[in-house]
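Colleague: The primary structure of each chain is shown beneath.
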Amino acid sequence: MQILQLIPTIAYGDAVGNDAVALKKILRKMGFVTNIYAESVVAPLDSKTAYKIDKMPKVNKDDIIIYHLSTGSELNFKFANFKCRKIAIYHNVTPPEFFEQNDEFIKGINEWGLEGVKFLSDKVEYCLADSELNKQDLIELNYKCDIDVLPIVVPFEDYKKTPNRAIVKKYDDKYTNIIFTGRIAPNKKHEDVITAFYYYKKYWNDKARLILVGSYKETDLYYMRLKKYVEEIGVEDVIFTGHIKFDEILAFYKVANVFLCMSEHEGFCVPLVEAMMFQVPIIAYNSTAIPSTLGGSGFMIDDKEPIFVAKCIDKVVSDKKLQDNLITKQNERLEDFKYEHIAEQFKNYINAFIEREQV
Amino acid sequence: MSIQNSDINIESIMQEIKAEIKEKGYTNDLLSFNDIVIDTSGMNSSSFDKIAFNEEIYTVNHTWNVQAYRVLSGSKVALFFKKAMRKMVYFFVEPIVLEQDGFNASVVRLMNQMNCYVDETKQQNEELKKQVEELAEKIKQFEQK
Chain B
1 MQILQLIPTI AYGDAVGNDA VALKKILRKM GFVTNIYAES VVAPLDSKTA YKIDKMPKVN
61 KDDIIIYHLS TGSELNFKFA NFKCRKIAIY HNVTPPEFFE QNDEFIKGIN EWGLEGVKFL
121 SDKVEYCLAD SELNKQDLIE LNYKCDIDVL PIVVPFEDYK KTPNRAIVKK YDDKYTNIIF
181 TGRIAPNKKH EDVITAFYYY KKYWNDKARL ILVGSYKETD LYYMRLKKYV EEIGVEDVIF
241 TGHIKFDEIL AFYKVANVFL CMSEHEGFCV PLVEAMMFQV PIIAYNSTAI PSTLGGSGFM
301 IDDKEPIFVA KCIDKVVSDK KLQDNLITKQ NERLEDFKYE HIAEQFKNYI NAFIEREQV
Chain S
1 MSIQNSDINI ESIMQEIKAE IKEKGYTNDL LSFNDIVIDT SGMNSSSFDK IAFNEEIYTV
61 NHTWNVQAYR VLSGSKVALF FKKAMRKMVY FFVEPIVLEQ DGFNASVVRL MNQMNCYVDE
121 TKQQNEELKK QVEELAEKIK QFEQK
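First to last, the sequence lines map onto chains B and S. The C-terminal residue of the first sequence carries number 359 in the working numbering, and the numbering is unbroken. The C-terminal residue of the second sequence carries number 145 in the working numbering, and the numbering is unbroken.
Just chain S, with the same shape it has in the complex:
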């Protein structure tokens, strides 16, 4: 359903506004949004880096296990309240943390498997490369005969 704007004429208001901007000489010299680029090199690697991969493997193997229980510190009074709060929320927090740890452990095992796969494949590739080179050399020798 269309409503007729009888009292106001938006079209003429827009024309007035455009005329006013022209008269005052306002110009848009603002940086274009298209020029805003985020460096995503850290997020999307374009090539495989075994050293970086090994570093991350090391990190995840040492940090996957999150603890729900935290050692507290503070003054006697603060410590009392903090301990009480820890006790109150523990029943809720602990199952969530355990669930997350289970998931983390699976992901880390998966990454370790991937690491083995990368190493094995690399070794196989090197052996195959060596064989290809040997065969190429033999072909070359046969051709020369």
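In isolation and in its complexed conformation, chain B is listed as follows:
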């Protein structure tokens, strides 16, 4: 019996791709013949990580395909045709309305993605969801099969690599570094991070820097609007890093004083776990999967009023006792995401599925 993973696109640094890679390692350790197959394997990744889908071997009835469902793709529909046992891992599709004014193309892709999720509702035998929110989404979309929650596997070992020295040297100064990590996308609400930063700098700390770590295309309308916004309101020290290397991401976490997340739609939010790893106190807006990933840790806020958020930043930066407390709670929460825990959970789910769904 083989357990294969299917994914529309696998790219370096992508959370869904990382999850697939981590699951491949666990499945190998469990003794299964396993590999990842993708429609598109984006360089620098190669066949060491995943094969193109045309290299996929023939599957038998007792084989299992695990499909990573997160975007619009032809594969969402083709997946139903495989004559084997099927599991979907739902990473969530960003609601298309977030892209209404910013990117008609992505809006269309996400609409297509949601169609695919609906289409598969009666065609898979079992689902795993990154968060309780994702599980509820599937139930609302009429999934009747068993659904379990399995957080994304975050490869802790990778984060022990040495952070980029040049970045650490450049930004580890007297400035307070506020960081947010995530692709520049409208659902992540970078504009709210920027306005809060504007007031933090204006009223509480002129020596502050906002580092927005995340990829963008120069022609993305949302990115262009954000750049223009920064110019129009005249706030300085806002850095858009664009796509950077992993050791550079690590460096930005290392020099960060606060992690500020204003996102309004997250299926899991890996950067929260990353901030926990780097002992960076988190301030996050209470939305979608954020509370379940934080699990009671972090400074979760219920209001986006920028002056309020700015004062929260000041409170976390200046109150050492609060800061220590936040980090202690974050460290406790981090334990739940340790590789061993998630791997064990995944093994149990897979074994139970195999037993339950005997061919």
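Derived from the structure by calculation, the hints contain no laboratory data. Mixed in with the good hints, there may be bad ones.
Unchecked claim - Listed next, the stretches of chain B that the computed footprint assigns to chain S, with coverage defined by at least 3 CB atoms under 8 angstroms from CB atoms of chain S: (1) 31-42; (2) 216-225; (3) 304-316.
All residues carry an ideal CB built from backbone N, CA and C; glycine is no exception.
Once you have looked at the hints, place chain S on chain B.
Modeller: Just chain S, lined up with the frame of chain B:
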């Protein structure tokens, strides 16, 4: 798994912060992000402009062929190093440029075909329009009889 925050009460801290902001009279008068509009007229044309189309056709026909080889300039020493570097990277750069040129050439040929198609369709439309007008005139004459 939920963690109980026993030592800190974030809810009460938030209330204190809100009270402090109210007391100090801070107000948010910042420009709204919703008011930020990017002029996309250059990116998304709403109507076909044959003159602009012809200008772009002219440009792409004259610029599609990118050269990997560059003529260098500078002082004798700088020129020496630049030439050495050019030689070292040429094996890597040249195939990429050739591949890109192949793609560019296809796109330009495609655009030229599109241009012919636009002209032919325009001509056909004009002829058909003329025929429709003639037929309409004939119908009018028959009706009058």
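Colleague: Each hint should be assessed against the structure and marked as holding or not.
Modeller: Outcome of the hint check:
1. 31-42: violated (count 0)
2. 216-225: holds (count 4)
3. 304-316: holds (count 7)
In summary, the structure is inconsistent with hint 1 from the numbered list given earlier, while agreeing with all the others.
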